[in-house]
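*Asks:* For reference, the chains in residue letters:
There are 2 protein chains.
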Amino acid sequence: MYFTPPLARLIEEFQRFPGVGPKSAQRMAFYVLNMPAQDVKRLAESIVEAKEKVKHCSRCFHLSANDPCEICSNKKRDGSTLCVVADSRDVIALEKTREYKGYYHVLNGLISPLEGRGPEQLKVRELIHRSHQESVKEVILAINPTIEGDATVLYISSLLKPLGIKTTRIAFGLPMGSDLEYADEITLTRALEGRREV
Amino acid sequence: MYFTPPLARLIEEFQRFPGVGPKSAQRMAFYVLNMPAQDVKRLAESIVEAKEKVKHCSRCFHLSANDPCEICSNKKRDGSTLCVVADSRDVIALEKTREYKGYYHVLNGLISPLEGRGPEQLKVRELIHRSHQESVKEVILAINPTIEGDATVLYISSLLKPLGIKTTRIAFGLPMGSDLEYADEITLTRALEGRREV
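Those protein sequences? They're chains A and B, same order as listed.
Residue numbers for the first sequence follow this note's numbering, beginning at 22 and rising by one.
Residue numbers for the second sequence follow this note's numbering, beginning at 22 and rising by one.
These are calculated hints, taken from the structure and not from any lab test.
Quantities reported herein were computed from a predicted structural model and do not represent experimental measurements.
Do not take every clue at face value.
Since copy identity is lost for identical chains, a pair holds within one copy or between any two.
[Stated by the list, open to error] BS3-like mimics (lysine-lysine), calculated; alpha carbons at most 27 Å apart, straight line: (1) Lys158 x Lys44; (2) Lys74 x Lys158; (3) Lys74 x Lys62; (4) Lys96 x Lys62; (5) Lys44 x Lys144; (6) Lys62 x Lys44; (7) Lys62 x Lys76; (8) Lys74 x Lys44; (9) Lys44 x Lys76; (10) Lys62 x Lys97.
Whole structure, please, built from the sequences with the hints as guidance.
*Replies:* This is the structure in structure tokens:
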């Protein structure tokens, strides 16, 4: 045991974070010891407060301290489109583009038989109900191009189409600034498939 | 403002940590939201507890929840040698070798005129007093091979030598497993200077 117990415990706590190894955890713990006492108190309070106050919006399941969330409460948004994402982080990514003006629906995961996650663990039922109820015209699936993503898209679209709701998926292809020469075959195949008239 | 306020505040707090950028801070904050409530409470308590309990040992200035620290309280260690380091982290690094059995003295920094840090900001006076008082035979300076380190070594050795205390500095040279071909000139020069009969 090299560190004095309270310090060892703190390092251990920090090491639980994703992407934080022993060295980073140590650096963070020493940083805490050097912080002014009131900053340390504020940090601890922020942690507890975020955990206590941030919940899932009961309408779109985005993380928020309010229910309905800030986005759902904004009546100026376009109610005819609904963007479906796997995770709250994806909402943030899309909001940053400032391009999308409709509402969101967070699935809280993707269908993954390997991890034992079926549609009933996701907010799929709520999505179908909502799309119908709110007379949504188009559901945009902003879902990652992975096996889990493809399975989820297939499942959701099979439920939405019979309801007469237009279901689209975001485009896959070359990222901006990239080079065709270095693109992988699957990306290039997807880019070809998704070609559009200029 | 993309994140709900309590979440935005937590991300901001995490971003203050050294080596934690916006993306890592975001990942850490989302991780907190997904942690069980009692784990979140324990994390917050560990932070406050470490800050409250961990102080500098009044004898060697190593970080510890006890005074004197765990190392100074260990009467089995060799009182004739004293290892001088800049930082508490260096004590941990040296302890991990399991080679050194003497006591330590943490300077809490190095002499750096550029950053306005002179010997009076460091625990140099305490080192000299202690070395004399405790009849130390050898002071080992385990100080980084930098400009600040060299200046600090020069200053401390000039004070210790008149007291008849043997003053040594750890060796600099090729790190184990490295390749001479790729070593920089300064390291190689130091390695040549420090050559020993085999």
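*Asks:* So which hints don't hold here, by number, going up?
*Replies:* 1, 2, 4 and 10
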